[in-house]
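**Q** Each chain is listed here by its residues.
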Amino acid sequence: MLQYVTVFDPSQSDGEDEVHKQLLLYHSFEDLEITLNEKLGRIGMIQGIWSLTDSFGGMGERQEKVVELHKEVILIIKVECRFFISLCVSTEEGRMSPAIPHELYVSQLWYCYQIFVLHYGPFSRFEDMGELTDLLNEQIVPFWHHIQLKPETIVRRGIAGLWPDGCKVSQLEFDSSGESWESLINQNILLAPENYMAVKDVLVYHLPSYNDQNAQFAGRRLGYKTYGLVRHFSDDISIVTQLSNWIYHLHAVHGDLSSHVLAGNAHYEEAPSGSDGVENAADNSTELSSAAPSNLQAQGRALLHNLMLPLSFAYDAVHEVGSTTGISKSMSLIMDYVPRWDHNASRERENDRQRSRCGYLISPLCSGMLPMSYRVKKVVYESSDGHLRSFNLLFWFYDDVLVVTVCEPEFAKIWDSQYLEDLSYKFRESITRFYETAFQHAESKAKGPSKRESFAYTTYSKITKEIKCSVPAWFDSKSDNRGSNPMKLVVDGVDHLFGLNSQDASELQDANRNPWGLDIMGSLLGFRNDKTNQNVAEEQYPHFDRRYENFLDGMTQEKLWGLQVQTIQFLTSIKNSNRACGLVEERLSKLNNGLLCYIKQDDESVSVVIRNWFEHREDFESHKRLSDFGKVLG
Amino acid sequence: MNTVDEQYLDDSPCTDSNRFRPAVSSKTSSFGPLNGVISEPTTSITLDQSTFQASVPSTPPVVPQENQDTDDEALLESLSQSLYSNDHSILGSSNWNHPIVSMDVPTVFAGRNPVSSAENQEISSWDKNFFILTSAGKPIYAMHGSDGQVTSLMGIINTVMSYFQLHNSSDIRTISCGKAKLAFLDRSPIFLAAYSDRGETSNELINQLDFLHSYLLSSLSQRQLTRFFSRRENFDLRNFLEATDFENLDEICSLICERLYPDVLLGALQCLSLKKTHRAQIHEAMLQCLLKESDLPRGTLLYGLIVAPDNKLCSVLRPRGHTLHTTDLNLLFCLIFHHFQNLQDQQEMWVPICFPKFNSSGFLYCYIKLLPNSTKAGPETNSGKRPVLVLISAQKDAFFSLKTLGGNLFKHLQANSLIDHIYRAKGIKISDIPAPLVHHFIYKSKKHVQYIIPELQFVTQAEDESQEYEKKIITYYQLIHNSVFRDNGSAHSKSTLNFVQWEAAEAVGERSFEQAVFQREKICMMGLAWTTPKFELYLICNNGTNDKNAVLKSAKKIIKWCARHEQRLFLSDGAVF
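Chains as they are written, first to last, in the UniProt record's numbering: chain A, 1 to 634; chain B, 1 to 577.
Chain B on its own, in the form it takes in the complex (with noise of 0.2 angstroms):
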């Protein structure tokens, strides 16, 4: 890879620019090694991106010597422009007109967060709450505020919506005013509302709050609170709710909130890129186990899953006819990863689940175990979190069967070395497709429901700096989404190709000396839309890019790749038994 320094100072106004600036030297190349991972592109990598990193003319410009990709032209044309532009950085020189293209992003978002999260904030200083509170306005949980702050608010929005329901036998949906927006959703006896100030749809906020009130219904099933309610109106949930619950609903908002989780906005998971080869051998392991285990009744295992860190499906054992919904999977993926990561090597779980786009009302037991560490690759991969094997049954008292079930598969798979394969399959990275000025994307493949997302590679040491990266970056795709669907959900039309552009209007005025000597970072921001009945693409270009031709081009190289890789990052059938 090339090595660029960071050659001119950012001084945008938006200082958050800066704070994800990586700590780029000499000697590290902005796609880098991060936080110890070893970048080892999976594909043949044809391009490196780190060339668009803009350059003052003084110092030579870096040209890529190898992989070029020759008969791009856009792609040339716009190297020329970013090695060479100048634009402002020396008093007089005004004839440099290129615009410069950054590898940063900086944020083009109104905001109003407060800085810190003391719990005696305002309400109206958070931009994005939930509520959930039961039918007789008792409060179950708020994601921002204190009990003192948010009770009577509930016993407003319980009013609001009862009123509704008594008088206009019709359910509220939203109140909206501008791009401010409280959506609301009856799922009696639970009442779920969503306040955002960040120009969300509604359709957007009331899938938020249908995976909120999911999760209360994984943990308790639909069956139970019927129960609860039916015996006392004014029950008060919150007493019945253990502390783990309250940490995962803050989790699950944090997530949606505030990191790069598009599950939800997508509705679709990821899938753990893997060689085509490799997931056959360990579906057909899947397949083998289950037929030799002669044991296991006919019925027991309704599924089985591998699922990798970062929500990442690996594989899938299912009976034909039958799979299992995304925000099901969603959920369990989550408890998985912020819940039951605490297990050691030898520990199992035996973990009653509600699945409630499956079977609302009853559980399914999952057995729960950590994939034996690998004996090649290193033995830890992203900040300590290991794949995971998931046995799903109906049977309360399976656990036994399933455990043999899964030592067997265990076995299979070290004895094949695929543990190996699945430690080392890596995320996509940007830098593995050939799109040049793309800094991120998201593609989403209708047919299995499923997306794929580079890995960020800008990510600091520093978990808020990260964590704000992420919600930049999410806060842009909700944006490019929203603008391809309307707020109902519906698609503007059956296929659609959106550029969205943000750009700083143009400073009034003499420039300071500090000004014109030091260049500035202009806001230039593209993001595309891209929707067709077989897949979603969103992207997200590198400051300054203004070149939409360059930008189809790279979309278009985007989904070739996808395309051609299809079988190894994303799950069509699984086992199938």
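Isolated chain A, as found in the complex (with noise of 0.2 angstroms):
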């Protein structure tokens, strides 16, 4: 699927004998041996492709390109105004599975761009461009990989994945009455005398889990628009949609948030290839299990490959966290270390699921032996006198909300354990409140469950760069490929490995104590270390009141995704459109599938309702003007 991506610089290059200095990463995702003068004719290519671009004018505007070739797409972003940054991608019939159009991939590319930014500064604060390319190494290459290895981390983001310079925000709608969640943060914890100035802000993101499908048919899932940043209470701080957007990537390609994943710890492993082609075996093990007896070769060297996996990884895992840490073969430590992806709905598993669970993710009150970045996380930011300025980040989770709490890096009171119990505890009560507020509106009560909405839609504001989005994402791909994910057959080997399926939700929690503070969001992994946290809330929510939804809800994933990319072509379709500044276009597209679908695009925003014109024919029959429903969106 993916080919190669490359960072380079032409500016490094003075001469023809230096050519080579402009090259900053070049990897490939192929087993092909590519000689320096390849890679370096590669880039040149591009840098050409650049420059004819540029001189028919109108091209010249803009920081991306897509070249198109019969077989790939080359994309190609250009940052901080000297930087490429490329990627290759594979389009032929079967490597691409599922198609995913490439405008999403050019959004990666901006997001990659980001994450590095977040973490180490833009790429021209370097001056040793060896030390770039060994960051680069370090962020870049296992950015791609993921995809490579999980090309569903496209398919999670959806829709609004299109706009990588917009962060995507929860629409959840809070009950006025009695005391908001937000005062409760502002007054006891922004406004409080110890953390005012020093506490910049705090980042509150719903980010329900998807991963379960049965929940989904159970009509037990929360709609999707109120998955994302639901509030940040500073304008100060400028990287929130950097910040959010590395989260959702993270979320995005674990399917759940981690301590390991936050720190930056958790990564898939590639399956071992080069020998006779076992990684293609095991990537292909879906189409293996379906087949005729005669592939019984193949499906063996399938089954001792995932057999071997578990064992290997798991080693793995414990050395690397072991050598870090000093403590190794510490089975709870494995546990945590490798995040669930897999959720067999066992009765008991939907139980644990339905108590209310908390914790820290990343926090000084991890153990100490753990590495800095499960205690604190740092991200930095230019500052507009144009200095690089770092921000202490500290992560608590409570059920599906993740509070990001944004420090200065000077404030010390982060590591007085009184401190963070009692800053937890506030935001707890806040939580609570929040979910109170959120889902469990008195009025709803009285009416019955809600209704699904009639309606999909996505909003992009190129002002506020907001993305509001309702049209599900499908998190579900790998329950429907089961087994066709090398890394999902680890994890499940994992879990054999140590009989842990076989055993019920109340002995975990006895005998999985874990002193290291490590967790897991959104899993009955986690919620074995919720002991551990000493963080329980006592409430349950077993039952929302609200769940947000809309009739795309009910639709099978594969149909979903069909849906989106349809809808993306649309939005490609107007983006491209030769609409004069100052002119507001719309379009409202009828297909004989039933899809009704209306855009409108203007200097400030985009906007796309969906809707099904077979469910609602008589309504729209019998209104005015069809565009009518545009307005919901006010």
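In case anyone wonders, no lab produced these hints; they're calculated from the structure.
A hint or two may mislead.
Stated by the list, open to error - BS3-like cross-link-like pairs, simulated, lysine-lysine; straight-line CA separation at most 25 angstroms:
{"hint": "1", "chain 1": "B", "residue 1": "LYS494", "chain 2": "B", "residue 2": "LYS446"}
{"hint": "2", "chain 1": "B", "residue 1": "LYS275", "chain 2": "B", "residue 2": "LYS560"}
{"hint": "3", "chain 1": "B", "residue 1": "LYS557", "chain 2": "B", "residue 2": "LYS494"}
{"hint": "4", "chain 1": "B", "residue 1": "LYS275", "chain 2": "B", "residue 2": "LYS447"}
{"hint": "5", "chain 1": "A", "residue 1": "LYS200", "chain 2": "A", "residue 2": "LYS378"}
{"hint": "6", "chain 1": "A", "residue 1": "LYS575", "chain 2": "B", "residue 2": "LYS179"}
{"hint": "7", "chain 1": "B", "residue 1": "LYS447", "chain 2": "B", "residue 2": "LYS557"}
{"hint": "8", "chain 1": "B", "residue 1": "LYS179", "chain 2": "A", "residue 2": "LYS78"}
{"hint": "9", "chain 1": "B", "residue 1": "LYS276", "chain 2": "B", "residue 2": "LYS557"}
{"hint": "10", "chain 1": "B", "residue 1": "LYS396", "chain 2": "B", "residue 2": "LYS357"}
{"hint": "11", "chain 1": "A", "residue 1": "LYS575", "chain 2": "B", "residue 2": "LYS522"}
{"hint": "12", "chain 1": "B", "residue 1": "LYS275", "chain 2": "B", "residue 2": "LYS556"}
{"hint": "13", "chain 1": "A", "residue 1": "LYS462", "chain 2": "B", "residue 2": "LYS179"}
{"hint": "14", "chain 1": "A", "residue 1": "LYS465", "chain 2": "B", "residue 2": "LYS179"}
{"hint": "15", "chain 1": "A", "residue 1": "LYS39", "chain 2": "A", "residue 2": "LYS78"}
{"hint": "16", "chain 1": "B", "residue 1": "LYS494", "chain 2": "A", "residue 2": "LYS575"}
{"hint": "17", "chain 1": "B", "residue 1": "LYS275", "chain 2": "B", "residue 2": "LYS385"}
{"hint": "18", "chain 1": "B", "residue 1": "LYS494", "chain 2": "B", "residue 2": "LYS556"}
{"hint": "19", "chain 1": "B", "residue 1": "LYS446", "chain 2": "B", "residue 2": "LYS276"}
{"hint": "20", "chain 1": "A", "residue 1": "LYS559", "chain 2": "B", "residue 2": "LYS494"}
{"hint": "21", "chain 1": "A", "residue 1": "LYS71", "chain 2": "B", "residue 2": "LYS179"}
{"hint": "22", "chain 1": "B", "residue 1": "LYS385", "chain 2": "B", "residue 2": "LYS426"}
{"hint": "23", "chain 1": "B", "residue 1": "LYS556", "chain 2": "B", "residue 2": "LYS426"}
Fit chain to chain and form the complex, with the hints in mind.
**A** What follows is the structure, encoded as structure tokens:
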């Protein structure tokens, strides 16, 4: 699928002898040997294309270009006026599964750059290009490696991933009676004397897990419009979009957020390749499992490989964490190290999931033996005076809510455990109120279960950079392709290896007390550690009065993805429209499959509304103007 | 027809809309005779569109007196809206909120073409360009730009195309950057590239390149091209092409880019609207003449065509089971009406033309002669252009046989007054069709691979202004067309209905006295694309239209009207022998 990713800076070479200096990173995802000359040839061609297109005028303004070949697509972005990041993706049939529009790959290129800058600052700040190359290898290669292994990373972002400079916001509606959860955070935390000016901001995300396919059909899944940044309190910090996109990316890659994921220690391992094509066998295991018995040999290879993977992965995991912490062979550590992706919906687990959980993911309360990235997450930003400054981030979770506290690096109180316990208590108080007001409306209780919205929408504001989206994301791809992902097999294997699937939840809770403070958000695996953080809230939220669902929530995932691809095509078409400035362009399309799509684009925003023609035919026919429903967006 | 005065001052920000407004006087209907063409509706007119023109309330509204479609509520509603609309016309009269429906079409597109087409213009100042070069990098043709400007550019284009062939064994298709696109077509030994900043799709650009390449083949044939380049790879084709070839390429590029020429966009051709019986008589006459020609060996004649001006196919004589490709016919028509129109009455032409989609390796020979003047109809229509008879043979020496056949056919046609019918055949007008609020439309019948398009009625005398107007209309169609097709040319779904609307954002701030007193025409354009397995319909509404229901009703009426008059509007089988 992916062929290569490269980063280069043409300004680094002064003459023919120094051409190689411009190449900062070249990573091939294929097992082909590529000479330096070939690599330089490719980046030279990319530069040639860039300058060729610039000479036509209209193409020079944008900093991204797409080169479509018959069998592949080369995506190029230019950052900081001189650095090029380029990705080559094969479009040969069967290699891109599911077929992902290249617009989403371009967005991923921007995310990739954003995440790098969030961690290390802009490329141009590096004087030593060797250092930059090392960091690019650390950051960018794993980023694309994950996408190579799990293309659903892109799919999960869905249509909201079309605007890389935007940030998906959650649209929970809070009951206005009584004290709001925001005011609790404001008064108790941000305006508290001990935190004032030191805690810069608190970002509250609602990140419900969409991994459980059964939950969807049982009508227990929250609508996608609730996903995303719910609120942040200060306009002073400029990294909200980048930070949010980083968190969404991690969530999309791993399905759940855990301490390891946020600390940057959880990585997918590629299945060993080179030994008689084992990797391919694993990749195609879905096909193999349904193949005729004549394929037994191939199946056997796959089986052997799948059996071996867990072992090697588990040992690698123990070894890696052990070497950094000095602790090894801790079963609980392994359990926590590997985020769980698979959820066999057993009854016990269902019950567990209904309980409220909370804890910290990244906090100084973590064991001192763990690396610093588990205790505090550092991010950098460029201040208005041009200097590179940093923030310390702490992460808590409360059920599906992730709370990120942004502190000044000099704020020493975060190392005081009592202070952190207090802070955690205040957050819990606030988030409890959050749940009460967001999902348990007195009104809706009286009216009965809330109705599904008859339309789905996506809006992007070019000014505020906010993305609002209620088109459900496809989070269930792995469930649909059971066994096809080598990483999933690994995780399954780990569970089997330690016999955890046979134990019930109560046993697990007692057996696995984890003193390390590692946790995972929204997973049974993390639930076991609730006691360790001593933060289990007693309240239970088995039923939400409001689920913020729309008519697409009952749709199968493949159809949903098809719908998103179709909508992306509509959006691309309107984006490329030759509309003059100052005009509003609207399109209302009705396809024969019943999709009714309204798109509006002006200089400030893009809005998409999707409805089902067949479901609401009478409504439409009685409407004077079909586009009236566009007004629901205001 | 009703006469309506121009009763508001168009002071829209877009200057183009003023330039293309017809000089309407109190004595001239906006649908009145134009350029000397007598308005003669060919079907029952049920509605005069000029009634939709905006009026201020002080003037008594002009209500259509006859042929009113009484059951059309939407129409009446629209009428009431348009006739009494007075949005922002007088200070303080903010109670009037009805939109204004105008007959004019403002432009809604961003463009950056230089005003003058001086040769020293920067390449970057053009929003569309075509480049043709050899696979060795030698320039053959560029639509815009001097030799000095394009030579290096073509060198880079050649390098880029060759690089991907060599290193990736994959042809480069497009480079895109937002709405700007650079598309490539490798037809070794010829490379073609198109640049467009007009939001055109890749498929559209590649089709245009294919059309240009087809022209080169029609002039040279693939065999000849291959022979040139197999001898010497860096052969300079410019030395071999004649001045007329470059003129024709210019003409084709201009047709594609600047004129209302949807043939390439739709992959279809236009047909002369002719009564079913008349067309059948012409076909019968063609067949009879062919059968009577006992001297004409079987197989001498491949195809016979009568082509009316403006690239409209009138009738076709063809062997059973064989048809000519649309591209081949489009090219032939282009050549006829842009190259061979200087023929005198008695002159004939015998031209070798390669039909690239029929057989790119060889030439066919075309006998071309203007149809004799009609006795009854006016001597010349369509700015002096006359219908043409084309007889196509594969044999180089069939001139005299075909000349005899042509002569006999003319006699036969004249004897039955069929030539008069061809001369008198009128193009359809938008007022022929009871489709309120519709400014212009294109209807393509997929079965016939033909389309119909009403004559443009707002074209002024000035050539450059009418050209600008045509460009504006075709740009609308391109956008509307692209809204229902993907970038690769495939349709979004089997049948799609799509409304596209452009509206000026509300002006913020206080209005000046001038703005308040003199009414501004607000941009509110709507288009519709409707594709089904049977037809494609694209329509542009009058400015100010915002009632989708009324537009949909009009669209349905157009479709109904086209279906009802299918045999008159489209050429089905032709005379088959």
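**Q** Hint by hint, note whether the structure agrees.
**A** Each hint, compared with the structure:
1. B/LYS494 <-> B/LYS446: With Cα atoms ~13 angstroms apart, B/LYS494 and B/LYS446 stay inside 25 angstroms; holds.
2. B/LYS275 <-> B/LYS560: holds (18 angstroms)
3. B/LYS557 <-> B/LYS494: Judged against 25 angstroms, a Cα distance of about 21 angstroms means the pair holds.
4. B/LYS275 <-> B/LYS447: Holds. B/LYS275 to B/LYS447 sits at ~19 angstroms (cutoff 25 angstroms).
5. A/LYS200 <-> A/LYS378: holds (14 angstroms)
6. A/LYS575 <-> B/LYS179: At roughly 7 angstroms apart (the allowed maximum being 25 angstroms), B/LYS179 and A/LYS575 satisfy the hint.
7. B/LYS447 <-> B/LYS557: holds (20 angstroms)
8. B/LYS179 <-> A/LYS78: holds (18 angstroms)
9. B/LYS276 <-> B/LYS557: holds (21 angstroms)
10. B/LYS396 <-> B/LYS357: holds (20 angstroms)
11. A/LYS575 <-> B/LYS522: Given that 25 angstroms is the threshold and the Cα spacing comes to 23 angstroms, the pair holds.
12. B/LYS275 <-> B/LYS556: holds (23 angstroms)
13. A/LYS462 <-> B/LYS179: Answer holds: A/LYS462 to B/LYS179 is near 18 angstroms, not above 25 angstroms.
14. A/LYS465 <-> B/LYS179: Cα-Cα ~21 angstroms, so holds.
15. A/LYS39 <-> A/LYS78: Between A/LYS39 and A/LYS78 the Cα gap is close to 18 angstroms, so the pair holds against 25 angstroms.
16. B/LYS494 <-> A/LYS575: holds (23 angstroms)
17. B/LYS275 <-> B/LYS385: holds (21 angstroms)
18. B/LYS494 <-> B/LYS556: Holds - the C-alpha atoms of B/LYS556 and B/LYS494 are around 18 angstroms apart, at most 25 angstroms.
19. B/LYS446 <-> B/LYS276: This hinted pair holds, its Cα atoms lying about 19 angstroms apart.
20. A/LYS559 <-> B/LYS494: Measuring from Cα to Cα gives roughly 17 angstroms; hence the hint holds.
21. A/LYS71 <-> B/LYS179: It holds: about 22 angstroms lies between the C-alpha atoms, which stays within 25 angstroms.
22. B/LYS385 <-> B/LYS426: The given pair, whose Cα atoms are some 14 angstroms apart, holds under the 25 angstroms limit.
23. B/LYS556 <-> B/LYS426: holds (23 angstroms)
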